[in-house]
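Q: Below are the chains, spelled out letter by letter.
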Amino acid sequence: MNRQISFTQSILLGFLGLACFLGFWQGMSMSGLVSEIFLPSPVEVYERFMTLLDRRFAGATLPGHLAASFQRFAYGFLLAAAIGIPLGLLMGWYQLLDEIVSPLFDALRFVAPIAWVPFAALWFGTGIGGPIMIIFAGAFPPCVINAYRGAKFVDPRLIEAANMLGTPSRRVIMEVLLPSSVPSIISGLRVSAGLGWQSLVGAELIVASAGVGYMMVQGQANIQTHTVMAGMVAIGLVGLALDSALRGLERYIQKRRGLDH
Amino acid sequence: MGVIQFKNVGKTFGPRDSGFVALKDIDLEIRDKEFVAIVGPSGCGKTTCLRMVAGFENATDGVVSVDGTPIKRPGPDRAVVFQQFALFPWKTVYDNIDLGLRNLNVSGSERSSRIEAILNLMNLTQYAKHFPHQLSGGMQQRVAIARAYVLDPDVLLMDEPFGALDAQTRVVMQEELVRLARKNPRTVLFITHAVEEAVYLADRVAIMTRAPGRIKEVLDVASIRNAEDWDSHEKIEDVMDLESFVHLRTHIWRSLREEKAAQHA
Numbered sequence: 344m345n346r347q348i349s350f351t352q353s354i355l356l357g358f359l360g361l362a363c364f365l366g367f368w369q370g371m372s373m374s375g376l377v378s379e380i381f382l383p384s385p386v387e388v389y390e391r392f393m394t395l396l397d398r399r400f401a402g403a404t405l406p407g408h409l410a411a412s413f414q415r416f417a418y419g420f421l422l423a424a425a426i427g428i429p430l431g432l433l434m435g436w437y438q439l440l441d442e443i444v445s446p447l448f449d450a451l452r453f454v455a456p457i458a459w460v461p462f463a464a465l466w467f468g469t470g471i472g473g474p475i476m477i478i479f480a481g482a483f484p485p486c487v488i489n490a491y492r493g494a495k496f497v498d499p500r501l502i503e504a505a506n507m508l509g510t511p512s513r514r515v516i517m518e519v520l521l522p523s524s525v526p527s528i529i530s531g532l533r534v535s536a537g538l539g540w541q542s543l544v545g546a547e548l549i550v551a552s553a554g555v556g557y558m559m560v561q562g563q564a565n566i567q568t569h570t571v572m573a574g575m576v577a578i579g580l581v582g583l584a585l586d587s588a589l590r591g592l593e594r595y596i597q598k599r600r601g602l603d604h
Numbered sequence: 028m029g030v031i032q033f034k035n036v037g038k039t040f041g042p043r044d045s046g047f048v049a050l051k052d053i054d055l056e057i058r059d060k061e062f063v064a065i066v067g068p069s070g071c072g073k074t075t076c077l078r079m080v081a082g083f084e085n086a087t088d089g090v091v092s093v094d095g096t097p098i099k100r101p102g103p104d105r106a107v108v109f110q111q112f113a114l115f116p117w118k119t120v121y122d123n124i125d126l127g128l129r130n131l132n133v134s135g136s137e138r139s140s141r142i143e144a145i146l147n148l149m150n151l152t153q154y155a156k157h158f159p160h161q162l163s164g165g166m167q168q169r170v171a172i173a174r175a176y177v178l179d180p181d182v183l184l185m186d187e188p189f190g191a192l193d194a195q196t197r198v199v200m201q202e203e204l205v206r207l208a209r210k211n212p213r214t215v216l217f218i219t220h221a222v223e224e225a226v227y228l229a230d231r232v233a234i235m236t237r238a239p240g241r242i243k244e245v246l247d248v249a250s251i252r253n254a255e256d257w258d259s260h261e262k263i264e265d266v267m268d269l270e271s272f273v274h275l276r277t278h279i280w281r282s283l284r285e286e287k288a289a290q291h292a
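First to last, the sequence lines map onto chains P and X. Heads up, the first sequence is in my numbering, so the first residue is 344 and it goes up one at a time. Heads up, the second sequence is in my numbering, so the first residue is 28 and it goes up one at a time.
Think of the hints as simulated: they come from the structure by calculation, not from any bench. Be careful, since some hints might not be right.
[As the list claims (entries may be wrong)] Some, not all, of what chain X presents toward chain P, calculated at C-beta under 10 angstroms:
hint	residue
1	43
2	102
3	117
4	171
5	175
[As the list claims (entries may be wrong)] List time: in silico DSSO-like cross-link candidates among lysine-lysine, alpha-carbon distance up to 27 angstroms:
hint	chain 1	residue 1	chain 2	residue 2
6	P	495	X	99
7	X	243	X	210
8	P	598	P	495
9	X	34	X	51
10	X	34	P	495
11	P	598	X	118
12	P	598	X	156
[Claimed, not checked] Pair by pair, the computed Cβ-Cβ distance ranges are:
hint	chain 1	residue 1	chain 2	residue 2	range
13	P	348	X	135	24 to 30 angstroms
14	P	442	X	40	41 to 47 angstroms
15	P	421	X	35	48 to 54 angstroms
16	X	268	P	514	46 to 52 angstroms
Since the model is a prediction, treat every value here as computed from it, not as a measurement. Glycine is no exception: its CB is placed at the ideal position from the N, C-alpha and C atoms.
Let's have the full structure, built from the sequences with the hints guiding it.
A: Printed below as a string of structure tokens:
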């Protein structure tokens, strides 16, 4: 049995889940079973969140930290896309490159981005370079993999058509592989943005100036657990916004291409 | 020029001694500007013949050549019209037709005049800015034919080009192709399993048999067409009514059926 659930119902059910979760959490805090430091209540986190919106903590307000974080994220993410998408397409077209790069890539992508922290700091410093490298390490693999899959699964008849028209490789990649891979690349970018944003806190453990991760580390050092949680909420909200923005882009492109029927 | 030659051509898929023998001892010469159709049951290897001329497959025995040069790879001197059109969905009609000309480094002004001419010839002018998915199957195949013809290829390869179209559209396209082929003759290799289509369109019809694929018989249709003046009839159904047409068609049917009976025996 799979009854159709309407849009309103789905929203209401989502809120129900959230309300239960917050209610349980608030109940736990108010019961006195756990200390405030151990588990700050949702109300407390909310108040802290609102306070941080315009009061400085660890050198900046929450929006200030978010802006610093987002800038790093944007650099790392764009770098990952700028290198990963062409690499994936080339690997999908040139068998030789695929054979050379794939084993190395497949091994490296299982190394968690956070594991790169010591080397990121060592090689690129704790300023802007180190954190970008960690975000890059998180965001890079999905860019490569999805561009590669997109290029590999192009309709072989279109490749034949391009070949019989005498299309040179460079043009096949730009005008056949790339446009045909757009849906796959966009979903890769969505995964990539998610992983990059997730790697952010790890990246900012080594940053000494600003950023949500930095703010949380400072909160931890000052035993301000509600500040840490406010940071978690901010990361979650921005991640959600990022994902819906990319989802919107995905739908827009599908629609423009007229291929969504 | 555009002379296609199959010399003792064989094709085996898989290992040489134990693989599947798709084609054996194919000998066929298609003269310059001649329209040859290959008919045969599915799986007889007729499409493989075309794909070898296109350069998509290599012969495992013998040589396939155009104007004496053995074929190594695909190229715009041998334009292909596919059964499933194979238009680029993200390119407009105009850009689909333009790609081959750009690859040949034709100058901008010459490209646009050649594209306009072919759009006009194929009644596509008003659809230049449309995307393939906005067009019917018949219109899409017109675009694919235009994309091939605009290159002015020596050889035109058509792989069951009307196989995916409904019967009415098919007839219109067949008439158009005849119009186009008479006006601007090319060497054409046309693959089909529709006997009437082959007789209506081709100068010669090669009948293929299955397992292994061989050419059983080559019929000269052009001499009968000219003797009986088929081209004086504008409509395909009028040609199909002619005694000479019916006679040829029946002959081919019988030839294909004998083949089937022989296999079942």
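Q: Double-check residue 175/X for me: the hint is only fine if its C-beta lies closer than 10 angstroms to a C-beta in chain P.
A: Holds, because the Cβ-Cβ distance from residue 175/X to chain P comes to roughly 8 angstroms (cut-off 10 angstroms).
Q: Between residue 442/P and residue 40/X, does the beta-carbon spacing fit 41 to 47 angstroms?
A: violated, 25 angstroms
Q: Are residue 598/P and residue 156/X close enough, with their CA atoms no more than 27 angstroms apart?
A: holds, 17 angstroms
Q: Could you grab the alpha-carbon distance between residue 495/P and residue 99/X and see if it respects the 27 angstroms cut-off?
A: Distance ~24 angstroms between residue 495/P and residue 99/X Cα, so the pair holds.
Q: Starting from residue 34/X, check that the Cα of residue 495/P is at most 27 angstroms away, please.
A: Measuring from Cα to Cα gives roughly 35 angstroms; hence the hint is violated.
Q: Taken at face value, is the distance from the CA of residue 118/X to the CA of residue 598/P at most 27 angstroms?
A: holds, 15 angstroms
Q: With a cut-off of 10 angstroms, does the beta carbon of residue 171/X approach a beta carbon of chain P closely enough for the hint to hold?
A: holds, 8 angstroms
Q: Falls inside 48 to 54 angstroms, the C-beta gap from residue 421/P to residue 35/X?
A: The hint (48 to 54 angstroms, Cβ to Cβ) is violated, given that residue 421/P and residue 35/X are roughly 58 angstroms apart.
Q: Quick one, are residue 243/X and residue 210/X close enough, alpha carbons at most 27 angstroms?
A: The given pair, whose Cα atoms are some 31 angstroms apart, is violated under the 27 angstroms limit.
Q: Taking the least C-beta to C-beta distance, is residue 102/X closer than 10 angstroms to chain P?
A: Residue 102/X check passes; min Cβ-Cβ to chain P is 5 angstroms, inside 10 angstroms.
Q: Check whether the Cα positions of residue 34/X and residue 51/X lie no farther apart than 27 angstroms.
A: Distance ~11 angstroms between residue 34/X and residue 51/X Cα, so the pair holds.
Q: Verify the interface restraint on residue 43/X: the C-beta must sit less than 10 angstroms from at least one C-beta of chain P.
A: Given a least distance of 24 angstroms, the restraint on residue 43/X is violated.
Consistency note: the structure conflicts with the earlier hints numbered 1, 7, 10, 13, 14 and 15.
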